[in-house]
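Keeping the supplied structure of chain P fixed, place chain D upon it in accordance with the hints.
Chains as they are written, first to last, in our numbering: chain P, 1 to 350; chain D, 1 to 263.
Among these hints, one or two may not hold up.
Among the chain P residues that face chain D by a calculated CB cut under 8 Å, a handful are [unchecked claim]:
#	residue
1	P83
2	L90
3	Q93
4	A110
5	A161
For the record, the hints were derived by calculation from the structure and aren't laboratory data. For clarity, every value in this text was computed on a predicted model and none was experimentally measured. All C-beta atoms, glycine included, are put in the ideal place defined by N, C-alpha and C.
Given next are the chains, with one letter for each unit.
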Amino acid sequence: MSTVTADGGGAPVLEVHAEVDARRTVLDLELAEGQTVAVLGPNGAGKSTLLAVIAGLLVPDRGRVRLGGVVLTDVERRIRMPPHRRRIALLAQQPALFPHLSVLGNVMFAARSAGVRGPAARTDARRRLEEVGAGALADARATEVSGGEAQRIALARALAADPRLLLLDEPLSALDAGAAPPVRRVLRTVLAGRSAVLVTHDPLDAWALADRVVVLESGRVVETGSTDAVLRHPRSAFAAELVGLSIVRGIRTAPGIRVPDGREVPAAPAAPAAIGAAAVAPVRPSGVRVAGPAEGVPAIITALEPRGDVLRIRTDLVAADAPPWAAGELREGDRIGLEIDPGAVDVREL
Amino acid sequence: MNPGARVPAWLIAIGALGILFIVVPLGGMLANVDWPHFGSLLAQPASVSALVLSLGTSSLATLLCVLLGVPVAALLARLRFPGQRVLRALVLLPLVLPPVVGGIALLYTYGRRGLLGPALGAAGIELGFSTAAVVLAQTFVAIPFLILSVEGALRTAGSRYEAVAATLGARPSRVLLRVTLPVIAPALVSGTILSFARALGEFGATITFAGSLPGTTQTLPLALYFQLQTDPAAAVALSLLLVAVSVLIVGVAYLRRGRMRVL
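Just chain P, with the same shape it has in the complex (with noise of 0.2 Å):
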């Protein structure tokens, strides 16, 4: 059990500890004033879960949300403030406009029901949705609008709301290729300088609008840290994958690091890490080349991807690049040697 701690002092803004047993879940969340937070993690890793128990939508089995200094949730001591009273506005991935209501009359919902009058949450509205670029569209019918825009619209509606956090679940994985990034340009404008946490499968979405990133696997946190350090020095398989590297983990030796089955993958005699210390190594398949069995470290081949200019050849123990054509000469079960560039594996203390 980890928790993401919050940079630059001060206290956070969110703290988040839930455990759903019906999810097998045990979730901790620390999020600083004014900072995105990325959870990633595979389908059923808990995601979805912790949002709906930031939001109140779902009461954990045991556990506690504080936002600014106030108990949302407390299961122990029977706190649960209902969804609409938490200031926590929810963009989902479906941007689930009010069908019946216009697209000014959806961005003013927020404010008519603080019971803000007419004229004022009109003016309010036609404001924000200027600010997501889509100010021409106020008097458009919900139904009427692309999916862009109306991903663009439901962050309006939510921002109307002017909360106190903004959870963000999959808010780009509805769109088409060509209608996402207008939509995380604006997102990375609003975001700034507002506490966010945001759900997303894309390490994209993550270097673009996130400060810290958190992996979550099997409804645990496996990973966390400043999106920079998880991304580029990733320690969760998860994450790895995600950024196209494979995952080693084992013990730091002199010459690399061993696996459990005692193989040994060489790495760079400066890394950071002790001798004898157990450590975790994210290794670049472009540095890994196929050669015969008798040379470097034997493996078995257990997929073949093309991947348009190369070819990912993924073993029992790292992935290896090779030219296209090398899918002729290889098949599944092989046994083959790995040429391992030492300058490829990133060997950390665990």
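Only chain D this time, still in chain P's reference frame:
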């Protein structure tokens, strides 16, 4: 026609037979309408008072169906509680129950010697054989239609709009009135129309529980039934009026969304 869709020839033959089975009786009735006296047959005081009573009681019953049925549908669609399936089956029972049985059930509940009769009597309320009894009988048989169509729409719509509305700071009542109900409005309208139609056609429960007192409890279907024995021409004219009302109802329900959202 759906291009590429093919059905076996025998299906067309049997289907055509089914359509004739439904349509021909309407023709049989139309063929027996006494057109020259149609207006005067309808304008008989007994017919007019039955029609007015029917429209009034059916409207009231429909209102009761909406007021009571929407909350029931919301509870069934949105909450999880033990015994929910059994409760759902019970609530929908009037749909499959013979209406006369429904009338007997009402009689032994609200009637003078019924379960609640003494209590109601003590409060000065006498329901049996009154216009209020007609409304109760109609509500009893019609409310499942409203519950079914609203509950189905609530399940189809899911709760994502409601979750979003809550995170935008809307209290549960506001979510219900400003998001949930508008989103399912088409189903609410067609459910309302169906309930009205069912209430308007109600016969068995009404005659059992409310009797057939002209001007007080004798609704159009009851008047029709008794008139058939004394004045068949007037009965046919009244039937045609009910057909016209029904066609209007079905038409409105269809025009709403191109199809009826029932069951």
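Hint check:
The beta carbon of P83 (chain P) comes within 4 Å of a beta carbon in chain D, closer than 8 Å, and the hint placing it at the interface holds. A least Cβ separation of about 4 Å between L90 (chain P) and chain D falls short of the 8 Å threshold, and the interface hint therefore holds. At about 10 Å, the closest approach between the beta carbon of Q93 (chain P) and any beta carbon in chain D exceeds 8 Å, and the interface hint on this residue is violated. At its closest, the beta carbon of A110 (chain P) sits 4 Å from a beta carbon of chain D; the interface hint therefore holds under the 8 Å criterion.
Interface hint at A161 (chain P): satisfied, since its Cβ lies 5 Å from the closest Cβ of chain D, which is below the 8 Å cut-off.
Consistency note: the structure conflicts with earlier hint 3 alone.
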